[in-house]
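Participant: Work out the full structure, taking the sequences as your base and the hints as a guide.
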Amino acid sequence: MADRPLLVLADERDLAARAFVAHHRSEGARLLIPSDLSRPGWCLRVGDPGASVAVAEDGAIAASTLRGVITRLAAIAPAQLPHVAEADRDYVASEMSAFLGAWLSALACPVMNRPFVPSLSGPVWRREQWVRLALGLDIPVAPVRLALRPGSPMPAPPPPGEACVRLDVIGRAVIGHGHPRLRAHARRLADGAGMALLGVFFDADDGHARFVGADRWPDLSDRSIGDAVMESLS
Amino acid sequence: MSLRPSGPVLLWGSPLDLPIAAVCTALSRLGTPMFLVDQTRAGETSIEIDIEIDGVLGGWIQVGDQRCALDLVRSVYARPQDAARAVDEALACWLELTPALVVNRLSAMGSNSSKPYQSALIAKAGFAVPDTLVTNDPDALRAFWRRHGSIVYKSSSGVRSIVSRLAADDADRLARLATCPTQFQEYVPGTDYRVHVIGDEIHGHAIDSEADDYRYAESGVRLQPWRVPDELRPRVRRLAASLGLVMAGIDLRRSAEGDWICFEVNPSPGFTFYDAEDDEPIARATARLLTKG
Chain A
1 MADRPLLVLA DERDLAARAF VAHHRSEGAR LLIPSDLSRP GWCLRVGDPG
51 ASVAVAEDGA IAASTLRGVI TRLAAIAPAQ LPHVAEADRD YVASEMSAFL
101 GAWLSALACP VMNRPFVPSL SGPVWRREQW VRLALGLDIP VAPVRLALRP
151 GSPMPAPPPP GEACVRLDVI GRAVIGHGHP RLRAHARRLA DGAGMALLGV
201 FFDADDGHAR FVGADRWPDL SDRSIGDAVM ESLS
Chain B
235 MSLRPSGPVL LWGSPLDLPI AAVCTALSRL GTPMFLVDQT RAGETSIEID
285 IEIDGVLGGW IQVGDQRCAL DLVRSVYARP QDAARAVDEA LACWLELTPA
335 LVVNRLSAMG SNSSKPYQSA LIAKAGFAVP DTLVTNDPDA LRAFWRRHGS
385 IVYKSSSGVR SIVSRLAADD ADRLARLATC PTQFQEYVPG TDYRVHVIGD
435 EIHGHAIDSE ADDYRYAESG VRLQPWRVPD ELRPRVRRLA ASLGLVMAGI
485 DLRRSAEGDW ICFEVNPSPG FTFYDAEDDE PIARATARLL TKG
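Sequences listed follow chains A and B, in order. For the first sequence, this note's numbering assigns the number 1 to the initial residue and increments by one for each residue that follows. For the second sequence, this note's numbering assigns the number 235 to the initial residue and increments by one for each residue that follows.
Be a bit skeptical, because a hint or two may be false.
[Said to hold, decoys possible] Under 8 Å between C-beta atoms, here's a sample of chain A residues computed to sit facing chain B: (1) 41; (2) 43; (3) 91; (4) 95; (5) 99; (6) 107; (7) 145; (8) 154; (9) 195.
[What the hints assert, rightly or not] Calculated from the model, a selection of chain A residues having no Cβ within reach of chain B, i.e. all distances over 10 Å: (10) 22; (11) 74; (12) 79; (13) 87; (14) 158; (15) 176; (16) 222.
[Said to hold, decoys possible] If you only want the chain B side, here are some residues facing chain A, beta carbon under 10 Å, derived: (17) 285; (18) 289; (19) 300; (20) 347; (21) 355; (22) 368; (23) 419.
None of these hints come from the bench; they were simulated from the model. The beta carbon of each residue, even a glycine, is placed where N, CA and C say it ideally should be.
Facilitator: As structure tokens, this is what we get:
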């Protein structure tokens, strides 16, 4: 491999991850899917990050040679392990998630997004938690209300309206069109959450727009986003 | 001058859970008001919750015909059996938002869901941890086993498992190791101690047992209240604080050489196993902490 490998931890059917890996394969991008955790060779020594080993596509990869890791999974799901006996699938998925949380956290190379154990990719926050962060950063927010009545399911966050603006924070870059103040807000929200990859929504494109939500999964298949990822890892 | 909160302590879990029951009793003795979100009755009792952020955090939770204003809650004792239902998910979210004392926030409990991750944090906080290898490579395991002579295996995740010594009979099972990276640790002989950090209070117990995992020993486990040595007290406080835990059950072993080795920090300790003395000091300490808010 000419370049240092860049692992993309993703579901086997994650088309955006596959597109990104295909486009940047010559630069070392490799797909890491949950079933790879059942290929022998994985190692983690607590307190000795240099001893860590991953197994993906071409075989064993010493963690010390990695250029970086992009995480596109919050956890390993039992359904992603069809090769494991059904009775063991829940337990094995928990064990793999726990292992990966420790393995990714110990890496010295950039990890986008770093785990927030038990999440493998940044904090799993509800909109209310994002709003609290924004308020703490003096970023204007739209009021939020979470009301649950007996038997009602957890409401999904409302989809961004047509007037909404999306900015993607990718490493040090902010991609998308919006007022410079919004770009600064997006940057501070990502930094505040400890995330290197984050989509941020505002309810308009002017400097007084309010923060309305965040998306942990920027579209890696977007060329400008993919290139910014590679740039941030160079 | 800030006013001490006078609202209730919110308890989240099952009243059949021994620590919840013990804390309820201790709070009653202090005369502290309580509001129980009883997960065991969620099916038969309506639970509603309303959380609002409009500049400030507000809202309420209602269980049956009892309503509690969330901004009046002085503290929370959280031991949810699970948080999969929508109302539990919403309450877990509120726990992350409220400025009230929470014992403990679910986000702070997260480190315990990956034991090797937590081991690294424990080491960073200054405690020795057992040499740990997580692998699905039989050759790496054999080398680790040879190096230490005696090793144990246990779950990496928060799913409970019995810590077991790897024996020669297990060699045949190594072919199945590839399925999933598994956690192995050097076996450290010594005496077990459990330390509970509860706010500023520290309670210790010495455990006398021949079992590899005393929690599952069928007999022969003897617990004795134990005064935590002065030099250890600031270290365990710092360890709990470094993990963001207001209350923690810390598993220590003292090696033959006198070193303190930390195996795990339990963020939701089932302290009643240790709190056998008549006056239940751990439950009372927890109630005092929650009452103070």
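Participant: All hints are to be evaluated individually against the structure, with a verdict given for each.
Facilitator: Quick rundown of the hints versus the structure:
no. : hint : verdict
1   : 41   : holds (5 Å)
2   : 43   : holds (5 Å)
3   : 91   : holds (6 Å)
4   : 95   : holds (5 Å)
5   : 99   : holds (4 Å)
6   : 107  : violated (12 Å)
7   : 145  : holds (5 Å)
8   : 154  : holds (4 Å)
9   : 195  : violated (15 Å)
10  : 22   : holds (28 Å)
11  : 74   : holds (12 Å)
12  : 79   : holds (16 Å)
13  : 87   : holds (13 Å)
14  : 158  : holds (15 Å)
15  : 176  : holds (26 Å)
16  : 222  : holds (30 Å)
17  : 285  : holds (4 Å)
18  : 289  : holds (7 Å)
19  : 300  : violated (14 Å)
20  : 347  : holds (4 Å)
21  : 355  : holds (9 Å)
22  : 368  : holds (4 Å)
23  : 419  : holds (9 Å)
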